[in-house]
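Throw the hints in and build the complete structure from the sequences for me.
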Amino acid sequence: MIASLAFYIFATILLVSAGMVVTARNPVHSVLFLVLAFFNAAALFLLAGAEFLAMILVIVYVGAVAVLFLFVVMMLDINFAQLREGFQRYLPIGATVAVILLAELAIVLGGWTLAPQSAGLRAAPMDPAVSNTVQLGKILYTDYILLFQASGLVLLVAMIGAIVLTLRDRGFSRNQSVAVQLARTPANTMELLDLASGKGTKGIDFLRPKAREPEPVADTHDDHKGHH
Amino acid sequence: MVDFLFNHPVGVTLLTVAKALALLVPLLVAVAMMTLAERKIMAAIQLRRGPNVVGPFGLLQPFADAIKMIMKETIIPTGANRVLFLMAPMLTFALAMIAWAVIPVNDGWAIADINVGILYLFAISSMGVYGIIIAGWASNSKYPFMGALRSAAQMVSYEVSMGFVIVTVLLCVGSLNLNAIVKAQETIWFVIPLFPMAIIFFISTLAETNRSPFDLPEGESEIVAGFFVEYSSMSFALFFLGEYANMFLMAAMTTILFLGGWLPPFGIEPFTWIPGPVWFVLKICFIMFVFVWVRATFPRYRYDQLMRLGWKVFLPFSLFYLVLVAGVLLAMGWLPKAV
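For the record, the sequence lines run as chains Y and C.
Under numbering that gives the first Met the number 0, the residue at position 80 of the first sequence is numbered 79, and the numbers go up by one with no gaps.
Under numbering that gives the first Met the number 0, the residue at position 54 of the second sequence is numbered 53, and the numbers go up by one with no gaps.
Everything labelled a hint here was simulated from the structure, so no lab data went into it.
Treat the hints loosely; a few may be bogus.
Claimed, not checked - Some chain Y residues near chain C, calculated using beta-carbon distances under 8 Å:
1) Ala47
2) Glu50
3) Phe51
4) Phe70
What the hints assert, rightly or not - Here are the simulated DSSO-like pairs of lysine-lysine, each with C-alpha atoms no more than 30 Å apart in a straight line:
5) C:Lys182 / C:Lys71
6) C:Lys67 / C:Lys141
7) C:Lys141 / C:Lys71
8) C:Lys336 / Y:Lys137
9) C:Lys18 / C:Lys141
10) C:Lys182 / Y:Lys137
This structure is a prediction, so every number in the text was calculated from the model and none was measured.
Glycine included, every Cβ here is placed at the ideal spot set by N, Cα and C.
See below:
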């Protein structure tokens, strides 16, 4: 009784927050509702006995993906009126996608009701004595090792692609080279001078930082002598 | 009575609430005393006296501070998003509290002894960043926002290497259950074979709790007080309590993963007389002391140094050590049997 009550509570919050993701006026609120939806989906996983999946869902989606989403959405300067403008234009495409998804769901659910045993045919047998995590590991790293590794490779390629697309030298970034800094010695950064009293260092320019000159991008620290 | 407490739904609920109170009340008192202990230890390191006016040795100072906080006015900035602005400190505080549900204080002494305990802890601690981001954004002000962005990037970065450290420990245990993790250390605490990982984990917890030398999200010399510039009174106090409770949580995680939880240092006579919870608390106190020690010793990192340390030093090293540990376990036949 309590379990089904919990199910309906979590499912209701999940659906409502999923709706709010689409309808909320403020994009930051949308992302926060998305987080709430993820969280309730994790709770549903827990109720179904899939504790490992529930925790991974929270760690990966709530803890990392949605944080980056939020990060990006907060940084954007969004014009809400402009955001609403395209609504009419994109409505047919969105509606088509929604209808297709709905039809697929109906097919899945229809199959489920017509032949309740069919899903069990493809499922791996559960051993109630062995914990969920161990069972997943046993299947994932044996029968599905190829698919598992392939999905890892796909992610790797996506990651490298993202880095290649965004990593460029803008020419004004002051990257530090730790090796260069550690290799600095007193000999190449300072010089001891004997100065007559009352004379100062005028004329001997190199004791002062050459701030006016444009600095080269790499190893800015060892090619000009002087104090920083 | 026993039957009612363990089988009747109302009884079970009452028992769970009682357990939670038995854990959270000492925790909150510990948080209060920690604020005093931190000031006292830092004073000792810097050759000062520290708070010594309120009560004997200044012991009542935290309570005086709490009363001061309660008496002050809660100010909500005009441009702030009211709901989120008030929700953020509550979220931080609540997350710092609920994580304690799975911490075993002694053999089997946890409110919920779940199969995936360490993942639960990891999940809750990775959600801690929301309190900070929401606070920074809802304040609708520049410094809090900068603090929130710094914090988000920092916490996400260090979680990665923390994850690898946890995986390395799990390789040696063969279970995600916190109780089993402690029991696996009966012969030797993991801090000895996995010493580099323990150091990485500790430094990552410093970054994860925004503690010095990684306290950039609240770096007062650059961004005033970071994400809680706009907070006052109890909303500020909730942030404060949440941060300290999080430090205790991270100390407890370090204790469980590396310092053998409730186990005594040697399983022989004089050590075994002291009960497990005492050992557990002693170890947490030691790590909390190191937290303060680090704060009083090291200057704040620069932001790019922090990121370099996380991504270019800790991540490759922990990945390397993970592979090394897996290889050694496999070669020596020390891999734990599947539970």
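Which of the numbered hints above does this structure break? 1, 5, 9
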